[in-house]
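2 protein chains.
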Amino acid sequence: MGGIRLSNESNKTIAALGEFGLINTLFAPLQGSGDDNLKVGQGDDAAVLQIPRTQQLTVTTDMLMEGVHFSSDADPFLLGQKTVRVNLSDMAAMGANPHWCLLSLALPASTKLSWAEEFARGVKEALALYDVSLIGGDTTASKGCIAINMQMMGLLGQDRAQLRSAAQPGDRVFVSGTIGDSALGLAQRLGQLKIASADDRAYLMRRHQLPEPRVPLGLALQDSAVINACIDVSDGLAADLKHICQASGVSARIDLERVPLSEAARNAVNASADLESLLITGGEDYELLFTVATGAVELLARITADLDISITEIGEILPQGEESRVEVVKHGEPFTLGKSGWTHF
Amino acid sequence: MGGIRLSNESNKTIAALGEFGLINTLFAPLQGSGDDNLKVGQGDDAAVLQIPRTQQLTVTTDMLMEGVHFSSDADPFLLGQKTVRVNLSDMAAMGANPHWCLLSLALPASTKLSWAEEFARGVKEALALYDVSLIGGDTTASKGCIAINMQMMGLLGQDRAQLRSAAQPGDRVFVSGTIGDSALGLAQRLGQLKIASADDRAYLMRRHQLPEPRVPLGLALQDSAVINACIDVSDGLAADLKHICQASGVSARIDLERVPLSEAARNAVNASADLESLLITGGEDYELLFTVATGAVELLARITADLDISITEIGEILPQGEESRVEVVKHGEPFTLGKSGWTHF
Chain V
1 MGGIRLSNES
11 NKTIAALGEF
21 GLINTLFAPL
31 QGSGDDNLKV
41 GQGDDAAVLQ
51 IPRTQQLTVT
61 TDMLMEGVHF
71 SSDADPFLLG
81 QKTVRVNLSD
91 MAAMGANPHW
101 CLLSLALPAS
111 TKLSWAEEFA
121 RGVKEALALY
131 DVSLIGGDTT
141 ASKGCIAINM
151 QMMGLLGQDR
161 AQLRSAAQPG
171 DRVFVSGTIG
181 DSALGLAQRL
191 GQLKIASADD
201 RAYLMRRHQL
211 PEPRVPLGLA
221 LQDSAVINAC
231 IDVSDGLAAD
241 LKHICQASGV
251 SARIDLERVP
261 LSEAARNAVN
271 ASADLESLLI
281 TGGEDYELLF
291 TVATGAVELL
301 ARITADLDIS
311 ITEIGEILPQ
321 GEESRVEVVK
331 HGEPFTLGKS
341 GWTHF
Chain A
1 MGGIRLSNES
11 NKTIAALGEF
21 GLINTLFAPL
31 QGSGDDNLKV
41 GQGDDAAVLQ
51 IPRTQQLTVT
61 TDMLMEGVHF
71 SSDADPFLLG
81 QKTVRVNLSD
91 MAAMGANPHW
101 CLLSLALPAS
111 TKLSWAEEFA
121 RGVKEALALY
131 DVSLIGGDTT
141 ASKGCIAINM
151 QMMGLLGQDR
161 AQLRSAAQPG
171 DRVFVSGTIG
181 DSALGLAQRL
191 GQLKIASADD
201 RAYLMRRHQL
211 PEPRVPLGLA
221 LQDSAVINAC
231 IDVSDGLAAD
241 LKHICQASGV
251 SARIDLERVP
261 LSEAARNAVN
271 ASADLESLLI
281 TGGEDYELLF
291 TVATGAVELL
301 ARITADLDIS
311 ITEIGEILPQ
321 GEESRVEVVK
331 HGEPFTLGKS
341 GWTHF
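Listed in order, the protein sequences are those of chains V and A. Residues in the first sequence are numbered consecutively from 1, following our numbering. Residues in the second sequence are numbered consecutively from 1, following our numbering.
If you are wondering where the hints come from, they were derived from the structure by calculation, not from laboratory data. Treat the hints loosely; a few may be bogus.
When chains are identical, the list treats them as one kind, so a pair holds in a single copy or across two.
Said to hold, decoys possible - Below, in silico cross-link-like pairs of lysine-lysine (DSBU-like), each with a Cα-Cα straight-line distance of 30 Å or less:
{"no.": "1", "residue 1": "Lys39", "residue 2": "Lys242"}
{"no.": "2", "residue 1": "Lys330", "residue 2": "Lys39"}
{"no.": "3", "residue 1": "Lys242", "residue 2": "Lys112"}
{"no.": "4", "residue 1": "Lys330", "residue 2": "Lys242"}
{"no.": "5", "residue 1": "Lys242", "residue 2": "Lys12"}
{"no.": "6", "residue 1": "Lys143", "residue 2": "Lys242"}
Make a model of the complete structure from these sequences and hints.
In structure tokens form, the structure reads like this:
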């Protein structure tokens with residue numbers, strides 16, 4: 001079943017294959033082999049899994065709509081990758097080990113077969129990163145836009161979920177990697193921003209199109225039980241910290257100048273200071289944002305020292321006060337955000 | 001949280017509530033309470049489930065697209081119901097007990113709030129039928145059509161799945177309920193068919209809009225381990241029997257005059273004999289189609305006698321021959337179908 005490239009006839013549409021042809025040729029090969037826990041896979045009315053008795057099941061879902069989450073001319077290979085990676089990021093936030101997924105895909109009949117092939121190739125590459133198996137789904141026609149939905153399932157030890165609701169006043173706030181790259185990549189793509197350096201442009205676009213789910217970090221944090229609350233940054237650093245605050249009944253303060261930036265993002269802010277708000281409101285960073293009791297910070301440093309990802313302390317958790325809020329401070333002075341998080345409607 | 005009706009302001013759109021408002025007011029209440037197996041529910045990056053150690057997990061997904069699976073003016077209450085019921089039907093086919101679901105919903109910002117309220121009310125009513133809990137999902141904007149995806153999970157004893165692949169030559173072929181009502185209801189809705197009787201019109205429309213998932217039958221069959229192969233009829237009786245044949249490496253013959261029809265469908269066929277093909281190719285019946293060894297037919301009759309659903313023997317499983325095929329016979333003569341199954345592209 002090795003390759004999934006079917007055709008060099010670039011004008012052929014998916015209608016030539018039909019639903020079952022698409023599934024059999026493009027998606028059946030994405031079900032891995034040798035999984036003793038998979039009792040029934042693709043091709044029946046439902047998949048059947050045996051969950052190991054020491055483990056809990058984690059399950060998440062993400063929908064990606066053409067014109068909202070991606071443009072009509074988006075690279076289907078990268079889109080396939082991103083579909084998987086945003087779900088992997090949710091698994092990382094819970095500290096779970098991803099294993100299985102289902103994919104629903106609605107495509108106009110006029111969709112080029114080459115588009116579907118490239119999309120499936122992107123899904124395949126991203127699934128291979130973390131040995132995740134596609135065990136079912138639904139492929140159907142669309143009379144309008146392309147709609148993609150993926151559900152992902154993973155395993156987690158008993159009582160080991162890293163929740164949004166576990167932040168405590170006094171906790172230190174940490175974030176992985178760098179923040180704002182994806183927002184800058186998107187702004188550039190939409191023509192709202194000109195980045196002078198070609199290297200910086202390429203770096204920011206890659207961060208937008210190909211987010212790196214922090215699965216190894218999530219597993220290491222969960223394994224050591226060193227942190228309190230955790231979330232992945234999808235709506236924007238400020239908005240997602242607010243989600244932690246609301247779920248935990250606390251507030252938070254972050255220092256803008258401590259928010260870790262890539263060299264490319266630093267260059268962009270140096271060229272145009274009014275981008276600072278965008279960095280922490282733009283979203284789609286897919287980094288982990290988490291809180292740690294002060295006494296555990298040293299242990300955290302030891303645990304994460306060997307991982308291939310930096311973590312940075314950016315603020316602290318405060319008592320809730322009248323309502324949960326996130327205070328952003330720059331050099332000790334209150335900083336007003338341009339907009340607050342990704343708005344879906 | 002009892003009611004989920006928010007507003008009589010029928011012109012208000014969902015944009016007034018926003019994503020989190022929609023989730024909190026419409027969908028959060030659909031997570032049941034008192035479920036000891038649900039460790040983390042809605043509101044975190046992923047849900048967490050404890051699967052009982054004697055049970056396996058079954059998981060399925062279905063996507064419904066505006067313009068393909070439902071029309072723009074479809075009743076949102078019935079659409080919410082159907083979204084749940086088609087997934088319940090997959091659980092029934094596996095013999096699984098449905099427990100949890102996730103819902104992804106992409107809506108244009110101009111969608112009326114009353115539409116979303118009615119849709120959520122329909123989902124709620126159908127979930128309540130089988131005590132299924134909504135434990136997560138994704139709500140997002142759409143720039144085009146409405147897209148709906150539901151993933152459902154259930155529990156099943158070890159080695160108890162009712163597979164498509166277990167049919168044996170000599171098996172008798174059975175189907176539950178009546179066949180073709182949904183196809184006639186749809187044809188009437190699309191103006192392709194005029195049904196004289198108002199009662200018949202209403203009955204057929206209801207069968208199309210509000211399919212009855214055969215969960216109790218599926219559980220009874222699984223519990224007694226009396227059947228071989230099983231599938232739910234979504235693509236059409238002939239097409240789904242062919243799915244069984246292909247998965248099992250067999251062929252089949254059915255007698256058209258034995259296919260169980262409702263009084264309304266019988267009246268329609270009596271008025272227009274050329275509808276006969278449509279009955280077994282139209283799809284969306286959501287009845288169970290299953291095969292039983294000859295020696296087990298008597299036991300089957302005893303097991304199903306107390307259920308509130310009829311089952312009818314319509315044919316038999318044959319050796320495969322050169323390739324898997326479904327032969328349709330009417331009064332002993334070969335019958336040629338008008339079209340074969342629901343085509344998605």
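Inset, instruction - Kindly indicate which numbered hints from before are broken by the structure, ordering the numbers from low to high. - result: The structure breaks only hint 2.
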